[in-house]
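Assemble chains B and C onto chain A, guided by the hints.
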Amino acid sequence: MCIRPRRAYISLSLGAWIIIGIALVSTLVVLCWPIPQRRGLEFWVFSRTHADFYTPVIADWNRSAPADGVPEVNLLNISSDALCRRAMSGFLSNTPLADMMEIERSQIGQFFSGPVNDIGFTDLTDRLHKEGIDTALNEPSFGPWTSRGRVYGLPHDVHPVMLAYRADLVEAAGIDINQIETWDDFARIMKPMIQDFDGDGRPDRYLLNLWYTNPDSVEMMILQAGGNFFDAQDRLVVASETNARVLATLVSWCEGPNRIAADTPEFSASGNELRLKGFVVCSLMPDWLAGVWKSDLPKLGGKIKLRPLPTWTKGGCQTSVWGGTMLGIPKNTKDFSAAWNFVQRIYLSESVAKQLYQTTTIISPVKALWKSDFYDVPEPYFSGQAPGRLYINLAPQVPRRNSSPYNTLAKQRVLDATIALRQWAVANKTYERTALEPVAQKLLQEAQAQVQRQMNRNTFLTPGEAR
Amino acid sequence: MRCRLSPKTAPYVFIAPFILVFCIFTAYPLIQSMFLSATQTYGPKSSTFVGMANFQYLLADPFFWKALKNTAIFAAASVFIQLPCALGLALLLNRSDLKGRAFMRLVFFSPSLVGLVFVAIIFGLIFEKRTGLLNVTAHRLMPTFNIDFPWLQEYVMPALIIASLWMYVGFNMVYFLAALQNVSKDLLEAAAVDGAGPWHRFWHITVPAIRPVATFVVLLSLIGSFQLFELPYILLGNSAGPENQGLTVVMYLYQTGFEIGDLGYASAIGWLIAILLGVFAVTQRLLAKGEE
Amino acid sequence: MKKILPYSVLLILALVTLVPFAYLLCASVKTNDDFFSALFLPAGDGLLGIAWDHITVGHYARLFTQMSFFRHIVNSFFFASVISVLATLCCAMGGYALAKFRFQGRAMVTNLVLIALIIPGALLLAPSYQLLFRLGLLDTLAGMILPALAPAFGVYLFRQAMISSVPNELLEAARIDGCGEVHLFFSIVLPLVRPMLGAFLLITFLGTWNNFIGPQIVLQTPERFPLAVAVAQLRGVYSQDYGLIMAGTMISIVPVLGLFLLLQKEFIAGLTSGAVKG
Numbered sequence: 241m242c243i244r245p246r247r248a249y250i251s252l253s254l255g256a257w258i259i260i261g262i263a264l265v266s267t268l269v270v271l272c273w274p275i276p277q278r279r280g281l282e283f284w285v286f287s288r289t290h291a292d293f294y295t296p297v298i299a300d301w302n303r304s305a306p307a308d309g310v311p312e313v314n315l316l317n318i319s320s321d322a323l324c325r326r327a328m329s330g331f332l333s334n335t336p337l338a339d340m341m342e343i344e345r346s347q348i349g350q351f352f353s354g355p356v357n358d359i360g361f362t363d364l365t366d367r368l369h370k371e372g373i374d375t376a377l378n379e380p381s382f383g384p385w386t387s388r389g390r391v392y393g394l395p396h397d398v399h400p401v402m403l404a405y406r407a408d409l410v411e412a413a414g415i416d417i418n419q420i421e422t423w424d425d426f427a428r429i430m431k432p433m434i435q436d437f438d439g440d441g442r443p444d445r446y447l448l449n450l451w452y453t454n455p456d457s458v459e460m461m462i463l464q465a466g467g468n469f470f471d472a473q474d475r476l477v478v479a480s481e482t483n484a485r486v487l488a489t490l491v492s493w494c495e496g497p498n499r500i501a502a503d504t505p506e507f508s509a510s511g512n513e514l515r516l517k518g519f520v521v522c523s524l525m526p527d528w529l530a531g532v533w534k535s536d537l538p539k540l541g542g543k544i545k546l547r548p549l550p551t552w553t554k555g556g557c558q559t560s561v562w563g564g565t566m567l568g569i570p571k572n573t574k575d576f577s578a579a580w581n582f583v584q585r586i587y588l589s590e591s592v593a594k595q596l597y598q599t600t601t602i603i604s605p606v607k608a609l610w611k612s613d614f615y616d617v618p619e620p621y622f623s624g625q626a627p628g629r630l631y632i633n634l635a636p637q638v639p640r641r642n643s644s645p646y647n648t649l650a651k652q653r654v655l656d657a658t659i660a661l662r663q664w665a666v667a668n669k670t671y672e673r674t675a676l677e678p679v680a681q682k683l684l685q686e687a688q689a690q691v692q693r694q695m696n697r698n699t700f701l702t703p704g705e706a707r
Numbered sequence: 108m109r110c111r112l113s114p115k116t117a118p119y120v121f122i123a124p125f126i127l128v129f130c131i132f133t134a135y136p137l138i139q140s141m142f143l144s145a146t147q148t149y150g151p152k153s154s155t156f157v158g159m160a161n162f163q164y165l166l167a168d169p170f171f172w173k174a175l176k177n178t179a180i181f182a183a184a185s186v187f188i189q190l191p192c193a194l195g196l197a198l199l200l201n202r203s204d205l206k207g208r209a210f211m212r213l214v215f216f217s218p219s220l221v222g223l224v225f226v227a228i229i230f231g232l233i234f235e236k237r238t239g240l241l242n243v244t245a246h247r248l249m250p251t252f253n254i255d256f257p258w259l260q261e262y263v264m265p266a267l268i269i270a271s272l273w274m275y276v277g278f279n280m281v282y283f284l285a286a287l288q289n290v291s292k293d294l295l296e297a298a299a300v301d302g303a304g305p306w307h308r309f310w311h312i313t314v315p316a317i318r319p320v321a322t323f324v325v326l327l328s329l330i331g332s333f334q335l336f337e338l339p340y341i342l343l344g345n346s347a348g349p350e351n352q353g354l355t356v357v358m359y360l361y362q363t364g365f366e367i368g369d370l371g372y373a374s375a376i377g378w379l380i381a382i383l384l385g386v387f388a389v390t391q392r393l394l395a396k397g398e399e
Numbered sequence: 036m037k038k039i040l041p042y043s044v045l046l047i048l049a050l051v052t053l054v055p056f057a058y059l060l061c062a063s064v065k066t067n068d069d070f071f072s073a074l075f076l077p078a079g080d081g082l083l084g085i086a087w088d089h090i091t092v093g094h095y096a097r098l099f100t101q102m103s104f105f106r107h108i109v110n111s112f113f114f115a116s117v118i119s120v121l122a123t124l125c126c127a128m129g130g131y132a133l134a135k136f137r138f139q140g141r142a143m144v145t146n147l148v149l150i151a152l153i154i155p156g157a158l159l160l161a162p163s164y165q166l167l168f169r170l171g172l173l174d175t176l177a178g179m180i181l182p183a184l185a186p187a188f189g190v191y192l193f194r195q196a197m198i199s200s201v202p203n204e205l206l207e208a209a210r211i212d213g214c215g216e217v218h219l220f221f222s223i224v225l226p227l228v229r230p231m232l233g234a235f236l237l238i239t240f241l242g243t244w245n246n247f248i249g250p251q252i253v254l255q256t257p258e259r260f261p262l263a264v265a266v267a268q269l270r271g272v273y274s275q276d277y278g279l280i281m282a283g284t285m286i287s288i289v290p291v292l293g294l295f296l297l298l299q300k301e302f303i304a305g306l307t308s309g310a311v312k313g
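Those sequence lines, one after another, are chains A, B and C. Numbering-wise (the working numbering), the first sequence opens with residue 241 and increments by one. Numbering-wise (the working numbering), the second sequence opens with residue 108 and increments by one. Numbering-wise (the working numbering), the third sequence opens with residue 36 and increments by one.
Looking at chain A on its own, in the form it has when it is part of the complex (with noise of 0.2 Å):
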């Protein structure tokens, strides 16, 4: 007969049991805590300040939903990867999907990457014409969620780009911003502010908050010059001479006898601490960002003011533009019509474009809504100027976007073309903006044969079709 020895289960840990316990424990209440069932359209969307701001406008849907016949909504809020990854894969492999997706406008290339017809979101483009909303928003909006002719998203916003500047700093050094106009009157009349104060031999207090290696004010810079990585037929055009005239440029105000940026990142404690501090007298303020400010930065109120952008030609466009999101609706949704009614209300609706301003200072695409009095409202924060307007003001100027798929790559490369530019300037002791441009021309080149030969792989994407 077999030896019974002391039993296993003696010879635990104490560790090992309480793991054992919580297992048993935990696998009860997980069993047993009911789960709410959630019918109704499934809305995702990866910003918790959306989210926060849309809870109210759907609690209200939901309500007078039995009455209209219409399906409640349940908002999800997921981080933007795992929102894409699933969009992905339920596009490709038909795993479960929302019915309504928000999308941010650096993740929305990997969806036009294949065929036309396999796009997982809706073709909304007949849809807006027939109910005229592609005529009622704002048309540059529509750039980013547009692949070869074909509009796939509604989109949130307009996102023009002011700058901000110290007013206090300003007027009390005696110039008159709004003499400007150009990049080069920039320059040149705002040279006087850089000083140093504490006698270290290095400037205390720069002009502008801009630096080569923040691949989205190159993008910025690029777009207000009228460059763009990516033509009206989505080809290639990174090696463009306006393209090569601003990173010489971006590197002159960074590097050298010129130099009149300095780099204070935005969202960072270094970055905060330094504006606070009127390490740089001006910042590329797109309207979102104005909110992020207003409540991460209380203490610059009523020292902040707006203006356009100074141009990159006289004459030429006074804003740019940063981020966007859209909302698609994938094809298969349980409820297109009940899906569409309920994005024009979150999205074209009066009401929510009103609070969505006074929440986050963003403001809505759509142009009959824009002349709303809450756009006029003074602001204190902005010494009494009402950015709404401003914003409003530079909206039919706003650089239309693309939709590549290569576009972040492109992005990439240009920056690295950049930083290359920036050695070498370094490295040569060049910072004139004239002596720069020829080197930036060669260095966009080769970052334009990069982007084309992972272009050339692909075999699905073929630039340039139906318009």
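No lab work stands behind these hints: they were computed from the structure. Each residue gets a CB set at the ideal place from its N, CA and C atoms; glycine is no exception. Please note that a few of the clues may not be correct.
Said to hold, decoys possible - Below, a list of computed lysine-lysine pairs in the DSS-like style, where the Cα atoms sit at most 27 Å apart:
#, chain 1, residue 1, chain 2, residue 2
1, B, Lys115, A, Lys651
2, A, Lys571, A, Lys370
3, A, Lys651, B, Lys292
4, A, Lys682, B, Lys176
5, B, Lys173, C, Lys300
To be verified - Now the stretches of chain B that chain A is said to cover, found in silico as 3 or more residues with beta-carbon under 8 Å:
#, region
6, 223 to 237
7, 349 to 359
Stated by the list, open to error - Quick list of simulated restraints, FRET-style, between CB atoms:
#, chain 1, residue 1, chain 2, residue 2, range
8, C, Lys300, B, Ser113, 34 to 42 Å
9, B, Asn289, A, Asp440, 55 to 63 Å
10, A, Pro618, B, Asn253, 16 to 24 Å
Only chains B and C this time, still in chain A's reference frame:
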């Protein structure tokens, strides 16, 4: 338990869970990814067989080689910087006359208990240019230190190495600590009596004794280094950093697969990494066998 | 002197190691306004020059009231404990088979285990998501638990542990005495690898507790999210709510810290019992 398993069938029963789970959840997706790596796909209807084209492009892809170089540098740093630090810490902690040793052990081990998200966020704050803890402290201790030192703009790899040092030194130290405790004290004492200096004692007695643990830890470290992805990705703000200084092979795989959407190419990358690691592991084993 | 030098070095290193934790603790009780203005705690007129009135537990309160963190904590405990117990059992069984039996295919399985160690996880992300969907396991508890049941790493560790700690003679003797295989496993073999059991339990618990990449995609309903996913979700697209993130991280550290305290000795003994002779 009254089940009568014969010693003949027992092993099959015992190994069954592993085999089942492995075949279903690892082997099957693995084989699928192999097919994926030979195609270009976008959706169930659009799929073209491209054969070895993905691999050909991959071998000529400068960004893959950059990623490989970065990962290799990081792996080398793990083995040649992190492990000696862990060993050093273990040596320091090994003196049995030290009070509060268990507490110290806990302190050094605790960084590996936190998640990667936290490490990335907090080191993002620590590495900031003017107000980050590292620059501020270094500047206070050495006023000549540039308070604007651009860790995450120009010195990404050193920053990553420092962050992973904080995270994993304690973990490896624990291994070395237990190994050191198995080194024969009599042998050490005898050597000391014979007049051998501390370095001599270390090199000729301690090192050979901890050799098996060291090999294991090195292997673990290397495998872990090649999987590096989330830490640089979150630290650099969901990107590879300026000039791709933070690009690792797994990050490149992720970017290709999920940001550009080219799953076939991503699979090719994954397979190439696996093949390279496999070759390395086999060579290492052959060398080890050869030595015996 | 000889004692003081290593002790002081250790102390300095220990303090340096603890700095991020101190930062974490301070950050989780600071208001968002103060977050950027002070490195650790906001300066003020209170005791030690700290503005104690600025300390807030608001972040913690918000996590529990608005974001149902309690449920996420329970989910985390569930996944971590169930997976670690089941995985430990399966890996112990697998390691035992590979170490103590001669059977056909043993060499192949052993090599399979070693190969599985070097496969990059990211390679399997997309195919395994599809697989889970086809098996109907998406957004289910089983879908989270089943794939994690027998990690190759665990089988490898237990194989090493069994080889070095379980003498064949003992097994033979027990078999001669008429002991059944299953009973042999539970009452003789497992007690002999007890350290490794504790160690692996903790490793797996830790790994599962902090894992968020997989769960974030596989689980679709927020009520099933574990803590790690919930905390990862707190990261904003551009700006972060640092107070919330720090408070969430504090909450997720405390249980594992406690567990490690309890299992410390086991853990260390177990880890090295496999590696020392392996």
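Status of the hints after comparison with the structure:
Of the supplied pair hints, the one linking Lys115(B) and Lys651(A) is violated, its CA atoms being roughly 63 Å apart against a limit of 27 Å. For the proposed pair Lys571(A) and Lys370(A), the alpha carbon gap of about 19 Å is at most 27 Å, so the pair holds. With a C-alpha separation of about 61 Å, the suggested pairing of Lys651(A) with Lys292(B) is violated against the 27 Å cut-off. Restraint check for Lys682(A) and Lys176(B): the C-alpha separation of about 26 Å stays at or below 27 Å, so the hint holds.
With a C-alpha separation of about 42 Å, the suggested pair Lys173(B) and Lys300(C) falls outside the 27 Å cut-off, and the hint is violated. Closer than 8 Å: that is the beta-carbon criterion, and the region 223 to 237 of chain B has 4 residues meeting it against chain A, so the requirement of 3 holds. Residues of the region 349 to 359 of chain B lying with their CB closer than 8 Å to a CB of chain A number 3, which satisfies the three-residue condition for coverage. Taken as a hint, the range 34 to 42 Å holds for the pair Lys300(C) and Ser113(B), whose Cβ atoms sit roughly 38 Å apart.
The hint said 55 to 63 Å for the Cβ distance between Asn289(B) and Asp440(A), and at roughly 56 Å that hint holds. Look at Pro618(A) against Asn253(B): about 43 Å separates their beta carbons, and that is not inside 16 to 24 Å.
Hints 1, 3, 5 and 10 from the earlier list are contradicted by this structure; the remaining hints agree with it.
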